[in-house]
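We have chain A; now place chain B onto it with these hints.
Going down the list, the protein sequences come from chains A and B.
Residues 3 to 419 in the numbering used here are what the first sequence spells out, letter by letter.
Residues 3 to 419 in the numbering used here are what the second sequence spells out, letter by letter.
Calculated from the structure, these hints are not laboratory results.
Check each hint, because a few of them may be wrong.
A pair holds if it fits inside one copy or across any two, identical chains being indistinguishable in the list.
Straight line, CA to CA, 25 Å or less: simulated SDA-like cross-link-like pairs of lysine to any residue [stated by the list, open to error]:
1) Lys200 <-> Arg120
2) Lys117 <-> Leu390
3) Lys162 <-> Thr25
4) Lys200 <-> Leu243
5) Lys266 <-> Phe177
6) Lys162 <-> Thr22
7) Lys185 <-> Thr22
8) Lys128 <-> Tyr89
Here are the chains, one letter per residue:
There are 2 protein chains.
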Amino acid sequence: MNNVLAELITIGDEILYGQTLDTNAHWMSGELDKIGVKVIRRTTCGDVEEEILQVFKEAEQRASIILITGGLGPTSDDLTKPCLAKYFNCDIVMNKQALAELEAYMTSRGRELNKLTRLQAALPEKCEMVSNERGTACGMWFNKDGKVFCSMPGVPHEMKFMMLEKVIPRIKKEFHLPVIYHKIVRLAGIGESWLAEKIEDWENSLPENVKLAYLPNFGDIKLRLTASGNVLDQLKQQVGLLIQDLLPLVTQYVYGYDDDPLEKVIGHLLRKKNQKLALAESCTGGYVAHRITTIPGSSDYFNGALVPYQNELKIEELGVNRVTIERYGAVSEETVIEMARNVKDKFSADYGLASSGIAGPGGGTPDKPVGLIWIACAHGNDVRTRKLNLTKDREVNIRLTSVALLTLLHQRLVEND
Amino acid sequence: MNNVLAELITIGDEILYGQTLDTNAHWMSGELDKIGVKVIRRTTCGDVEEEILQVFKEAEQRASIILITGGLGPTSDDLTKPCLAKYFNCDIVMNKQALAELEAYMTSRGRELNKLTRLQAALPEKCEMVSNERGTACGMWFNKDGKVFCSMPGVPHEMKFMMLEKVIPRIKKEFHLPVIYHKIVRLAGIGESWLAEKIEDWENSLPENVKLAYLPNFGDIKLRLTASGNVLDQLKQQVGLLIQDLLPLVTQYVYGYDDDPLEKVIGHLLRKKNQKLALAESCTGGYVAHRITTIPGSSDYFNGALVPYQNELKIEELGVNRVTIERYGAVSEETVIEMARNVKDKFSADYGLASSGIAGPGGGTPDKPVGLIWIACAHGNDVRTRKLNLTKDREVNIRLTSVALLTLLHQRLVEND
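So here's chain A without its partners, still in its complex pose (with noise of 0.2 Å):
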């Protein structure tokens, strides 16, 4: 079965000059691909009627299903009604629908109807309008040759809305679509390149129905498959054994699969084992402590974090002997083990993490160089270390030292599953 294949149309001067970030775009791709539509272009474009015009015609000779956000407002610089009108050749006038539905959401909300809001029910003659329950702005649906355009608003959560209630239901019911399947592994600890390697038998021996792509993001990887066929079972079946033949070349660095993050699946094993964790971060300065506690419920299993900036601090709070950082060093193995070890003793967790580090741009000495960090992981009486030796990017060094830390916790946890 052919793809069905559909192109986004985002229409906003606030878009082209960097004002507003589009996220529509972004959420509307992954509607589509959950539906098996496949997306082959996004495209943005001012508020231009040429430019409008030229960005309707070139999509339709590409793609089934045309979706446009954008342009919708009641004033003069808003053109996607015009050009819509244009571009179908017909006349924009009032919809008896439209207008009521539009009377009805202003006195719900304690309005009235002024003149320019009136507006918003004069709609293209030749389209079938798409209420919307969340705003002013209705969506207009052109079927042309086998081909459909929807215009939606730009406002997300009308777009959304008007998405799942009225545009996706319309275009399952519309076009035969094909089955997909995503399957994501989720990696860390090994680079891009590495793992390309390792996987590089495995890869050229996958299916033509099946992809795979890269998916990196500061040391952590998604691995994505996507296949297609007909049948759903037969694909999850088919990807369930690809996925079985690849685990055995990278065990070690799988941490868990499609949308839970690193910090979610180090959650989950806590919990499970009712352990707790405790972290001293120097050099991350708080950043794996907001990660940890970005996932809802993490007090079930996080007791707290010290961020000891200054060195009296690591002496006085957290109970580093004064002789190991004045022979070694802040910045040295022995320091974090002791870090990580007394975190977890003073508060009371299973589990101590620590890190240490020249995060950049200064403070680099030719010993102890911008972007060297030493991390630790303390259970029970053994204390796992790593050195690590980063960029000069203080923010990308802080990233890659939270996965790091992260990944050294999940082995630990994994092997003592």
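Chain B in isolation, oriented as in the chain A frame:
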């Protein structure tokens, strides 16, 4: 003078499938806007040769500057480089400078060059390489009939560095650009629509050549004035006078200008006074410490933080009175006052900040619903508090609270200035 037109092309199936949110195009749009280059279209296409070549061709017909991100990894699903070679009709050959820089980069990180990574230094013969000091994929610059194609890595921090250090300066040199002057006034502690109301008359009286944009971000607002003309000094003077008129309307909310975020402005003030900061973060979970420590040199004024996620740690480590927590609860004005005061004293700081609240989505009660958050700022014997009623969204609450806390501190620092 005619505008110089640009198009942005993003390449990657992972974006079309909705798995990766493309923030690169947004950021690049903003940077090009700053130098007076007009972005007329943004296109995202998949990892498909014909698609990519078609997008190159279309963009070249409309714009003078074509900037491309993504698809530069060493793996077989990355097609940007072979497509550029095909488009410019040349071979891909090992580039000596690229190889030398790649080797130096890997050596500096204590890692070896494997076969796949080595391929990153092979480039289309007709391009000039653009150094990537932050990663392994270098950029490629092509000149063709007065037009420019430049390909950059999709990893945001690598792309940003390359844009700021290499690409933007070169565009400024090779194209004759209009004179644009931007000035950003930064405000916190006021909502967007309240601000708009306060400055309505001022905004309506802005001259033709000056545009105003509101750029809100979790309670932190940038007001950007963009003046265009012929002489930079005249524009600076014009904007300076406009800001003189604006300030009296919003004095208490303005914390800084241009690129300095709240945490950096606070750092300047603390360093100037030679004063120190300490944090006790419960519901913000380390996020404020993270913001403070993203600023290079923050160890000059940041002593450290405690994240006492369990009440027991609030009592044992921070010295909050057990009776206070039992009587008023951990989320209460009484508790944050003790937290702020105690962390200030215990960590030998001049200012102590504290947060405690129900970040959500669970954990709310009728008395203390999700989104109820108390914050405090202690200095000397004086503690100031604020009660926040925020949203049901955990991440939004953490971000909004961080801005509110930093604003509370900023106001104190300015008063004492």
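State the violated hints by number, sorted upward, taking the hints as numbered earlier in the document. 5
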